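Q: Keeping their order, the protein sequence lines are chains A and B.
The numbering of the first sequence is our numbering, which starts it at 2 and goes up by one.
The numbering of the second sequence is our numbering, which starts it at 3 and goes up by one.
It should be emphasised that the hints constitute simulated quantities derived from the structure, not laboratory data.
Misleading hints may appear alongside valid ones.
Just a few of them, taken from the derived set where beta-carbon distance is under 10 Å, the chain B residues facing chain A [said to hold, decoys possible]:
(1) Asn72
(2) Arg142
(3) Arg171
Derived lysine to aspartate or glutamate pairs resembling EDC-like cross-links, with alpha carbons at most 20 Å apart [stated by the list, open to error]:
(4) Lys362/A to Glu176/B
(5) Lys328/A to Glu228/A
(6) Lys328/A to Asp282/A
(7) Lys314/A to Glu247/A
(8) Lys314/A to Asp339/A
(9) Lys362/A to Asp174/B
Here the structure is a predicted model, which means the values were calculated and not measured.
A virtual CB, placed ideally from N, CA and C, is assigned to each residue, including glycine.
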Amino acid sequence: MLAGLIGAAGLAAQDVPLPGGSIDFTLPKDSPVALLNISTGESRATARGAALVLDLHMSMTLRNASAARIRGVTLRVVSQEVTLGGKGSVAYPSLNVGPGEAFPVRIDMQLMRPTQVASGPLVAVNLDGVLFQDLSFFGPDRLNSRRTMTAWEMEAQRDREYFRRILAQSGRNGLRQAMLESLDRQTALPELDVRVLRGGRAVSSAALAPEHTAKFAFLRFPDAPVEALDGWAQVAGNEASAPRVEVRNSSNRPVKYVELGWVLSDPSGRPYLAGSLPSADPALYLPPGATARVLQDTTLRFSSNGQPIAIQKITGFVSQVEFADGKIWVPSRQSLDDALLRRVVAPSSEEQRLSDLYRRKGLDALIAELKKF
Amino acid sequence: MKHPNQAALALHAGGDLGWAARWRMARHMAKCPRCRGEVAAYRGLREIVPDLAGIPEVPWNRLAAEMKANIRLGLAAGECVRADGPPVRDSLWFARGRAVVALASAAALLVAGLILQRPTPKPFDDGTVVQATGNGIQVREGGQALGLLNAGAHNVTYSVGAQGSMGARYEDPETGLVTINNVYVE
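Pulled out of the complex, with its shape left as it was, chain A reads as follows (with noise of 0.2 Å):
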């Protein structure tokens, strides 16, 4: 019935405001975070021809009920009528929430869909986990939250130690001299436009270049637990797919997980980040000294400010590591202080948000805030 009241009124009029109901927030009954309100008030229906346009706008606020210090949540946000397989998530990293104190968090979601579709919630959002201080984790961790947001923590640990270091070392200057050359960093990150499609090679202008396999040239770091030994791509004009590296567990532990980064250069020598290569196998086990691939059946396409970029070069780097224990490996800062990755790879989140408040707040706020942990 909603959806129809919906569809009718989307067809009736261009913009209506959603009914109560639109959106489903559930919490298991054990969740470490409670709902203290919600708020839809701002949510909208709109039509556009064929098609209803739900822009669904989410504040709420939540409240560690727990008896530990969190660290990062991450929420669910599902819609099964809409894009069959498509689902979404927001996470909230880097948080400092202790015992009893509430946090507001925000939700901004768009929907396309048909107006005929049948009636139910349009949205529905659940907890998908909770990270606490001492990395324990709560939570179905049906996206993988739990490696996700300890790696995001163990990237925080690290930097927020190498600010102190600085602040330690250089004083006030210094840190202040690492925050401003941060934001520089930031905002020099060249754009790129990516498209991710299931499977094969898609159809495109620059696609219509002629396919060939391109090889993998790999920055090795000499405290990495895995290493590439050899990588490839089917790469068409500013399309490659079915990216895959041999890896090579140089740890004595064994591991679970392995994710690469890789970055594609243009025919002018510019680095862009293409993104992420993770280990496609949930069932990955290598233990020490075995080797396997990480592989993807996807074509990603590239392009900058509109225009494709044709793939001449491709580099990959180890960017993540769990073992079989779930502890996490993440890169040093030494190691990504490489002239190439300083180019395009981003600060964590964490030196994002502290970058942020010293840029908003000054030196003071942000150095109390380095204090905190």
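Could you slot chain B onto chain A? The hints should help.
A: Just chain B now, kept in the frame of chain A:
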């Protein structure tokens, strides 16, 4: 007293009621002057209807002769006012014009056919796609899409997973929290 309806009275006036209804009607009329008057009125009306429906005789032959004479008169008048020379339909210009019109019609038919049957390349079906949009990221399949927006945010960092995911990281201007949106292809 309950009176029969007007339809029954009219049918009785024409003798069209069934035996039982006619008997009941006769009994009622015997003691009801009002209905007797109604029936009498219907009978009077029936008597004048044939006169109203009649059509006076039309002298068709005379009318046809007058029409033919008028047509001949018109043709003769046309011949009188026309300049000397062959009829227009026999002229070269008329024949050429007729050919031009025929060719134009054929061309229009051809163009319409080409437009309707134009062999256009079938649009490629990208299947499920994840991509960045102007104000967020979305997973799209055909005419359906699910997007997560980062409206009002500055310094948005996009990331791509080769398994079919797209992320957008930004500091929410309202909450002040670093927020990471992701969309996935399952």
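Q: Against each hint, give a clear statement of whether it holds in the structure.
A: So, going through the hints one by one against the coordinates:
no. : hint                 : result
1   : Asn72                : violated, 60 Å
2   : Arg142               : holds, 7 Å
3   : Arg171               : holds, 6 Å
4   : Lys362/A to Glu176/B : holds, 16 Å
5   : Lys328/A to Glu228/A : holds, 18 Å
6   : Lys328/A to Asp282/A : holds, 18 Å
7   : Lys314/A to Glu247/A : holds, 18 Å
8   : Lys314/A to Asp339/A : holds, 17 Å
9   : Lys362/A to Asp174/B : holds, 16 Å
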